[in-house]
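Visitor: Below are the chains, spelled out letter by letter.
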Amino acid sequence: MSTTTTSQTEQDAREFIETFNRIRNEVGKFIVGQEQIIEDVLIAIVCGGHVLLEGVPGLGKTALVNTISQAVDLKFKRIQFTPDLLPADIVGTQILLDRNGTKELEFQPGPVFCNILLADEINRATPKTQSALLETMQEKSVTVAGETHRLDLPFFALATQNPIEQDGTFPLPEAQLDRFFFKLFVKLPSHDEFSEILNRTGGNKSPAISPVASGQDILKMGALLRDVPIAEEVQSHLVRIVRATHPDDPNASENVQRFVRYGASPRGAQAILSAARARALLEGRFHVATEDVNRMALPALRHRVMLSFEGEAEGMGTDTIVRSVIDKNS
Amino acid sequence: MEALSKMEADQKKTHPVGSFVQSVAHRLNRHRLWHALIWAGLLSGAVMLVIALCYVWPGYRVPTIWYAIVPSVALFSAGVVWFVGRKSTDQAAHYADSFFKLKDSIGSCVSFSDEGHAGGFYDLQADQTQALVKQTSVDKIAFKPPYRIIAIGALLILVSVSLGFKSPSAAVVAEREQQAATSQMTAAANEELKELVEELEESLGDEEEKKLVDPDKLRKWVDELRETTDPKEAMRQYARLEMKLNRAAEALKQRQDEKLLNSVADELKKDETSKALGEKLKQKKYELAAKELKDLKPSKIDPEKLKELSEKRKELAKLKAMANRMADAARNTRSAKNQKNGNSKNSKSGKPSDAKMANSKNGKTSKSGSEMEGDPSDAAQNELAQLLEELEESVEELDQEMEELELADLEEMDEQDLEKCEDCQECEAATRAKLDELGDKLRRMAKKRSAQAKLKQLSQRCSECQSAGTMLVQTKRKGGKKAGEGSVDSTRDTQDEFKNNDQYTKLKGIKGKGPSLTKIESADDGTGTSQLAYEAKKREFKRQFESFVGREDVPEDLKNGVKNYFTNIHETGESSDATGSADAEDD
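Chains as they are written, first to last, in this note's numbering: chain A, 1 to 330; chain B, 331 to 917.
Chain A on its own, in the form it takes in the complex:
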């Protein structure tokens, strides 16, 4: 019987890798380069997390999310966040309907009622509007007029931020930032990638994206991840890294002690663990290794470390701090 379980697990792991690679390859038909970003986004999706993409306009952030939604055949909605956007515009509202002579209030679901939500330029909306996403991202439900409406699973929110044009923007509060699984920086493509982008999108025809997986596949992959074992010592290493982002921890690096106000929460450790499991499986291993933890720590922690005034004044980046933590504890 144990042999059967083992072979089933092995088969599931194989399917995981195959499905993941299928989605990745399908997305790669349209999106040029950005392999790491694609992989990290897919890992976040598989782990049931939300991603914050930061990059200058025109790098294909929206295209990426759109392509992924096509590849996994999930309902995709896009919200362009503006300063005048209201929470009801996101979650939905109740409208008064005249039906059979009676006036009734009926809930009209907002754009969040989808599987993949693209919150474009999320930092342009007011904090009130931004906080409307809080419950959605965490609970995967919406409460309007006292009534909770559950979202269809899987649900992923991929938000984008523009690092330029900071005027008139509202930085995301720490509580909301902490709800993002990963924060990824979308960089400018290389010369060859630039050329390829033009080749693919400059003509009349653009690559067609076929759905290669379903939402159930994603959920199944997410469930399988939770069974990937992690050794006591590797887990201890993970905890050490997360704790070392706090300035009062004995393992904290000099940068952390000097430039960090608050470190990462246990949610960050959960994100790292899930992502490390996914990475281990993708590499064909059946256990989480230290290098998986080290690799996934940066995207999972960079938005969870709050800089102090000195850090901000020095222009210190959180990436530098997180890397110093990983290096010190490796």
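Hint data in this document are derived by calculation from the structure and do not stem from the laboratory.
Computed from a predicted structure; not experimentally measured.
Don't be surprised by glycine CBs; every beta carbon is placed ideally from N, CA and C.
Heads up, some of the hints might be wrong.
What the hints assert, rightly or not - Keeping only pairs whose Cα atoms sit at most 27 Å apart, straight-line, the calculated DSSO-like set for lysine-lysine is:
#1 B/Lys433 x B/Lys612
#2 B/Lys786 x B/Lys574
#3 A/Lys328 x B/Lys431
#4 A/Lys328 x B/Lys433
#5 B/Lys541 x B/Lys670
#6 A/Lys328 x B/Lys612
#7 B/Lys541 x B/Lys615
Stated by the list, open to error - Going by beta-carbon spacing under 10 Å, a handful of chain A positions derived as facing chain B:
#8 Thr9
#9 Glu10
#10 Gly28
#11 Glu232
#12 Ala280
#13 Gly284
#14 Arg285
#15 Thr290
#16 Glu291
#17 Asp292
Claimed, not checked - Derived CB-CB ranges, DEER-like:
#18 B/Phe473 x A/Phe194: 47 to 57 Å
#19 B/Pro475 x A/Asp327: 31 to 41 Å
#20 A/Asp327 x B/Gln465: 54 to 64 Å
#21 B/Ser428 x A/Thr143: 44 to 54 Å
#22 B/Ala481 x A/Glu232: 42 to 52 Å
#23 A/Thr4 x B/Arg478: 53 to 63 Å
Given chain A's structure and the hints, the job is docking chain B onto it.
Guide: What follows is chain B alone, placed relative to chain A:
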């Protein structure tokens, strides 16, 4: 049943991994042991080289025991370090993961196995790890000998071992020989001194002499001597003992009494009847002189044999003449001293002391306070002089009483005559008592002289031991000093009995008048050669002698000859000093 089979299946799976980890641990520990041994060799070579240089540099031979101790300690330390730092299974697993780049496969497998996890991913992980382990080999974990460390360690060991064969230098050999010789010499000298002290104690006559010499104290001083290998320390201890003995001998000095008795002897020799006694006193045979004085005691006056009074008076005349001479000598000595004291005071004030001059003419003793000042020997001399004068008075009184008694009617003696007889008897008893006292004084002086001689003899032997030590010190140095240069290594105390022996000139002026020159001289009483100059000369000769003996460029025979010469003149100087004062008087 199912659980047991599961456990067996788990063990089967993890067993290869476990044995692989064990092999890795074993290999790592073996490598660590080699490293420990190599470092132990290097460190022991370095330590041994340092130790060898510490011995070889000053010229000593390296003791062989170090070549056993240092490597043993190094090996033991290496063993301890290895044992403490042995790799555990976990550490071996991590090392294998890192070395073979297995990404924590082995570590995780071992961890899951230890925790008892099985099934699902755990089995897959174990199988995967097993497959990875099969592809690797423990032999790939090669031992890389630290060749540089080995080379340096071998070189250090080689150099340190070669230094061990180096013989001690000639200086060290000579030093050891000198130490052995010194030890032998001090042991022999100490034994000899102990024997001398025992012999000295046996040679002592009565309790009084024992009290003067105090052999217990001498024994204690000799017992404090130690057998030593340091020649200078040997010299020092003998010099200290010699100093103590000299001080003890000095405490027994009776120079003033002997000087007075010399004067007395010179007076006695002027007369044939007392010449023999004078000779004995001159030769310092005080014991014999005391016996002769005993023979001179007047016989007891028997009232029934008063007819023999005239005979007795004739016998007494001899004694009287002797007593007169002795008293005269005492008075002359004392007056000369008083005159000298008076002259010294006059030189300060510029006026002669009339009282002093009058006293010197009368020959009477002056009991002024200034005469009672000075050394205790002066007091002793006064005591002897006073005894001689009292003897003279007593004899004269006896003679007078006998003369008066002779005039009495011996046939019919009345009460007055009987009283005279009694007075005569009293005077006779007093005279006998004075003679006994003088005899006792002479016997004590004889004992003191004997004790002083014995102490001097012991001191002489100490001096010889010190000289032997000096020769041992000289043999240590090669070449010696430049001709004409000497060295003074004497540790003797250069102080002598004359405290105020400075001679200085002071120029001072009296207000309103011109400057005056004050010159202060001090010298001992008595005529003849100044004792002060003699002592100064003695010190100078002593230093010259020590310097001469200390030089290495002078043959030993010559040194011994000079040493004997100075010893002899030292003795001659003491005896001639007394002779010189008598000769001066005669002139």
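Visitor: Hint by hint, note whether the structure agrees.
Guide: Comparing the hints with the structure gives:
no.	hint	result
1	B/Lys433 x B/Lys612	119 Å, violated
2	B/Lys786 x B/Lys574	11 Å, holds
3	A/Lys328 x B/Lys431	21 Å, holds
4	A/Lys328 x B/Lys433	19 Å, holds
5	B/Lys541 x B/Lys670	36 Å, violated
6	A/Lys328 x B/Lys612	109 Å, violated
7	B/Lys541 x B/Lys615	21 Å, holds
8	Thr9	5 Å, holds
9	Glu10	6 Å, holds
10	Gly28	26 Å, violated
11	Glu232	6 Å, holds
12	Ala280	9 Å, holds
13	Gly284	8 Å, holds
14	Arg285	7 Å, holds
15	Thr290	6 Å, holds
16	Glu291	6 Å, holds
17	Asp292	8 Å, holds
18	B/Phe473 x A/Phe194: 47 to 57 Å	53 Å, holds
19	B/Pro475 x A/Asp327: 31 to 41 Å	32 Å, holds
20	A/Asp327 x B/Gln465: 54 to 64 Å	31 Å, violated
21	B/Ser428 x A/Thr143: 44 to 54 Å	51 Å, holds
22	B/Ala481 x A/Glu232: 42 to 52 Å	44 Å, holds
23	A/Thr4 x B/Arg478: 53 to 63 Å	59 Å, holds
Hint compliance for this structure: hints 1, 5, 6, 10, 20 are broken, all remaining hints hold.
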